[in-house]
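> One letter stands for each residue in the lines below.
Number of protein chains: 4
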Amino acid sequence: MNMQGFKETDTKKYNFPKVGIGLIGYGFMGKAHTNAYKKLSFFSWPPVAIPELVAVCGLLENEAQTQEAAYRYGYKGYYNDWNLLIKDPRINLIDNCTPDDVHCEPCIAAVEAGKHIMCEKPLAMTVADAKRMYDAARKAKVKHMLGHNYRFIPAVRLAREMIQNGVIGKIYEFRGRYLQSVGAGPENLIEDVWYASGTQSGINLGIGCHIIDLARFLVSEIKTVSGIQKTFNSSRLNKNNNSESIKADETNFSIVEFENGAVGSIESSGISAGRLNQHTWEINGSNGSIYWDLEDLNHLYVWLKNTAANAVSGFTKVSVTDPKNPFASLSWPPGHNIGWENGHINEIAHLLDCIVNNKSIEPYGATFYDGYIIQLIMDRIRESSERGKKLEINPGEV
Amino acid sequence: MNMQGFKETDTKKYNFPKVGIGLIGYGFMGKAHTNAYKKLSFFSWPPVAIPELVAVCGLLENEAQTQEAAYRYGYKGYYNDWNLLIKDPRINLIDNCTPDDVHCEPCIAAVEAGKHIMCEKPLAMTVADAKRMYDAARKAKVKHMLGHNYRFIPAVRLAREMIQNGVIGKIYEFRGRYLQSVGAGPENLIEDVWYASGTQSGINLGIGCHIIDLARFLVSEIKTVSGIQKTFNSSRLNKNNNSESIKADETNFSIVEFENGAVGSIESSGISAGRLNQHTWEINGSNGSIYWDLEDLNHLYVWLKNTAANAVSGFTKVSVTDPKNPFASLSWPPGHNIGWENGHINEIAHLLDCIVNNKSIEPYGATFYDGYIIQLIMDRIRESSERGKKLEINPGEV
Amino acid sequence: MNMQGFKETDTKKYNFPKVGIGLIGYGFMGKAHTNAYKKLSFFSWPPVAIPELVAVCGLLENEAQTQEAAYRYGYKGYYNDWNLLIKDPRINLIDNCTPDDVHCEPCIAAVEAGKHIMCEKPLAMTVADAKRMYDAARKAKVKHMLGHNYRFIPAVRLAREMIQNGVIGKIYEFRGRYLQSVGAGPENLIEDVWYASGTQSGINLGIGCHIIDLARFLVSEIKTVSGIQKTFNSSRLNKNNNSESIKADETNFSIVEFENGAVGSIESSGISAGRLNQHTWEINGSNGSIYWDLEDLNHLYVWLKNTAANAVSGFTKVSVTDPKNPFASLSWPPGHNIGWENGHINEIAHLLDCIVNNKSIEPYGATFYDGYIIQLIMDRIRESSERGKKLEINPGEV
Amino acid sequence: MNMQGFKETDTKKYNFPKVGIGLIGYGFMGKAHTNAYKKLSFFSWPPVAIPELVAVCGLLENEAQTQEAAYRYGYKGYYNDWNLLIKDPRINLIDNCTPDDVHCEPCIAAVEAGKHIMCEKPLAMTVADAKRMYDAARKAKVKHMLGHNYRFIPAVRLAREMIQNGVIGKIYEFRGRYLQSVGAGPENLIEDVWYASGTQSGINLGIGCHIIDLARFLVSEIKTVSGIQKTFNSSRLNKNNNSESIKADETNFSIVEFENGAVGSIESSGISAGRLNQHTWEINGSNGSIYWDLEDLNHLYVWLKNTAANAVSGFTKVSVTDPKNPFASLSWPPGHNIGWENGHINEIAHLLDCIVNNKSIEPYGATFYDGYIIQLIMDRIRESSERGKKLEINPGEV
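Residue numbers (my numbering), protein chains in the order written: chain A, 19 to 416; chain B, 19 to 416; chain C, 19 to 416; chain D, 19 to 416.
Chain A with its partners taken away, still in its complex shape:
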């Protein structure tokens, strides 16, 4: 075969830190995380680390699919039992992308086995489980990260930096919403309504956790909540045309007080017709205001008092795609918009950087501590709705 002039790639020439990955679950989130691992290896240069895709893990009864996922995603092999996966010595990081009700046990086992842990949100199904997970992770002294990917959208990070730098002054108000539409029609089959089927986690656990996370990330700790939680469609037909009853919450309205004195509203819904994925917030301070929307994720809208000096005062639509963007090395050139997936890419870049350089996941990344607090807040929203009272968030000794 004529391959004159061909020079083989000398992979030994490069010596980047490596992180062995063990992935549990290969669905939507498993794909999003694997995509991040793959992109990190070549997108920015030099790479923060080279993720080695060691193994993916699924259920024994789904072995064929797990095997296929291993091939498809480029993992060296697979496991049918996460208890075995977490013992694989080649693996440094367990990445838990399973359904919500499978987050707890594998995460605890993984950290107890000394593995770093990445877990998709919400941390758990209950406050108690979330607390156990956080306690285990803290005790194990491993890196523990929770998949609040929206912290890693460049526009959100820029907002955080502006706030931290005092650009918008004292924060008065926060208004946050995460709205989807999948359950708006009562005729929608239960299988098509993710929050009502499967683990029946409901809307607050499913997406409300994200906007609660950003409220805490951008403003400060939440001190009190008053909430209304409601399920309008308490039953739906399934694809076999049988009616199933539904307990999962469909909509949440809450008003909150923050520790820094700010006040605000936090809403999440799965029944907001026409809202495919409206994750939006606005922050109003003594010097300015900022707002953002996931459906227009490359832009941040900013009003600053001092711009009024120019006689052109108004909200400025900032394209957060320029070289000053903190994630510029993981983005395309200015004006070449990134997509939803980049939140995950930037998030996992941060995680690997923390692992290989022993940096702190906080404050930019969400930890299991954040997961526990968010779980507590969601539980208090539910309780407030039942009792008609404002409730305090008391994390207890943590």
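These are calculated hints, taken from the structure and not from any lab test. No incorrect hints appear here.
Note that the list lumps identical chains together, so a pair holds whenever it fits in one copy or between two copies.
Simulated pairs of lysine-lysine, DSSO-like, Cα-Cα distance not exceeding 30 Å: (1) K257 <-> K342; (2) K25 <-> K105; (3) K105 <-> K30; (4) K257 <-> K188.
With chain A's structure known, arrange chains B, C and D on it following the hints.
For chains B, C and D alone, kept in the frame of chain A given last:
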């Protein structure tokens, strides 16, 4: 003087119903209402009625300004005492555009004198006064209307009609805000912060009442509220450089349950930097969603389930300027946008129509009953904020 | 009759300059101008002048409507012949709101009679007529103004001031469009397609003139044009179901060179489905860019190089409703949007100011000179389209 | 090492068609294409083909970087000479991502060597070269594709399908722009102005080609052009502070006639301050209008006549992220926005599908024929600008 061919206008030829107007207060609102009276006389044809501008009324100590206002606005004359104004037999309608704390007594006296009454919002400073006003007006069997002008913006009326016709299905959610920025900077002088100076009515009485009104107009009666009300800037300098303490509320966040089962949030603020006049709401139902914003008042944004059939599903930006617009006769041709003032014009057209044709102010116009209920809701928001409890709205026997 | 306390308005106390108005034509534009005269008398204070509505003029065969218009609009009387109207000594200003083909003769007669003249756009049906009108007006040394009302929208004026002050630097590019949709459907009856019925003026004369005017107002004189002019629907049914042939242009695309070196595009169309009244332009310069759209007329979108220093670079949505707005005295308070009609109100305020204070209509107002030049440009676009050549604009000796 | 339960991935189990890739150039475009190859292997399932990254090729003097690129991007090896690369029998597809002036020779050599060819736009630096490339590719009977990636943005494809299906009726008008801002400031160094440095290709070759391509893709063949092409900044400082003269065009305005009778405007600029990457077009037809903007790439704005029946007529903002999206298998779930890169991903998926299944690149993909025609159009715009004449596009015998 050569005026060959000139034919004098024969005013006796036209015989439209007339309504004699007595205006109390000639500031911003007095100007907006007078503008409406003037436009009604010629804008649509035939006019619903011809308002006769009989007299304007001000304070005795401001007689020069009152006299000037009478000339400027085209009133035949003026009074220095509203007690006398309301007795003028040429006057059918008393229009109260005074500061909030002067709404109560003249309105009661006017209706007791058998005059129809138009009062700017908020109806009163207290629930008790609002109740007295409503009771008096009801007893007097006159037309009583409260200045909730935003009901009469064409896009808002179209929304109401779509909802009433079932187009958006069962209403699940309401999200309403009325945000202004005038108090955002702590350095702003008290005289420049309308809600904190003068009657110190605060933000909820000042603008929150409007979004509460639209919530009730568009969705249904409000059953419960939980609220947070806060004043961040508890003192400000005045123009003499002295500090004055402020009790007026600056921001309100509340969550509500409606009688028809819908849930929602209602917010108002005077400290939302960059928000000049953001009066916006969204309604989500089982068949569709609608939203609107006063800063883009000619458009209504609509998502309807059945449009999905075309494979082009999304929010449609509807220009409510076409001939089907219920206020088309008081608007310019399609695509020729109207301004904020048209809410008042359409509102007063409705009022005059009700007077001369003995029609009901309700359901399109707000009455003193609405004013009383809105006052009760605002009071409960305040109380809920103090007590940290969800409260019911109990109008009592009305 | 009990009118105790009533004091009659002493109209003699006020002594504002007066301008006697004679209006020819009482349709859409006659209504818009009359509305302006009426508002000017009371909106700002003291008023620039008090317009006295002396007479309206219509055709003899429409006497009943003319009489009605006189009553409706508040004119003292009416004429059936404009030759007589222009001789009325009480009239200082003739306001020509007739169809396009009636602009020429009354305007020339009016200025020859020494009257100031206001004429709706386009100035004439032909370049020759436009030149005659301009020559007559110049010779008569009266104030002559052409109804290019969009110059008087606050956002447009602010743009002009920013450009004149060098804020956007050297102008490179202009992109302007005026699009409407009324003719998009071939099935639309000829009576419903304004540009194809009546005088059959076509789209360029009807609305293209406005965007050409703003190009010259904002950038500089136009030096060359290359154009495409086209009529897709060369016949339409009328309401009697007969087909009528149509010569009026339906769409215009042109590219232009300006005297200051800038280049640009100017487009107008009556067949752009969905575009009710999209009158929009963007100007790009060495230091910044500005754009505006009539369907969002209260806002100006501005990008300035030096704002980049703040790390928040982007287009700023400026609400041109604040007290710095040059037309603030004729507007409502900040954030209370004005409508389309305010362009006319501000325009006529300028005209009356020029008349009573002997100021120059230029540079803010359009004169008959502008009308002549715009007519020439439109004619050259037509000719360029026919000949496939770039043509120079040579006004000749004017 | 304890790896109990680990099962190695059996790569032989899967037998997907493979395409051997040889990449020339590893800069911005080489990265974008490699990213596409990598994503295709796992994003959708089963994959259309498995791209095998055989070799990357760079200049001999840059061997270190080429070697690094091979490692970074995952190619098996590299070449220092494209003449050798194109002979590698493992390679089926040569992907030319070099600077514009290196497109011609390697592409011709590659197709003559029987390789399929992918070339970035613009096809060549001159019409003559473009013709040679097209002739060679046609003669070689290989698949030849030109990198007009925006055809493969889902919203653009949906627009094409709607147009082809007659949804918007007869097309009247096209308005297209591709604006960037990099050259707006005369003080910008020549190295920072891509279109003026390096090959000095200019704006029309650099980005104007994209909007010309979409005009042809969406409307029909272009029959005539009239153009203005201009360079405002005819010299710039380089980073050594020396002035360099610049011939590259900075802005292009053209008006066009299409073969199907439509008319339109096509503009491209590198000096539109504030416009990072505004690639936008609008199409107006007898039944509807559509517009799109690259800076909001997930949405298509659609106005259709028949929606007026619902009394809610207006432009609908369609999120083209749903399962009906033709690229849904290469996208995330609905409402999870894709980024700029997805155009390339979808484009290369189409190319591989055409190669392995012997399908036609046309009509969805751009071929070297399209490249030749676009080059001809750009040349005629230049010539039209020089001669001040409308010119016909005559491809001659092709």
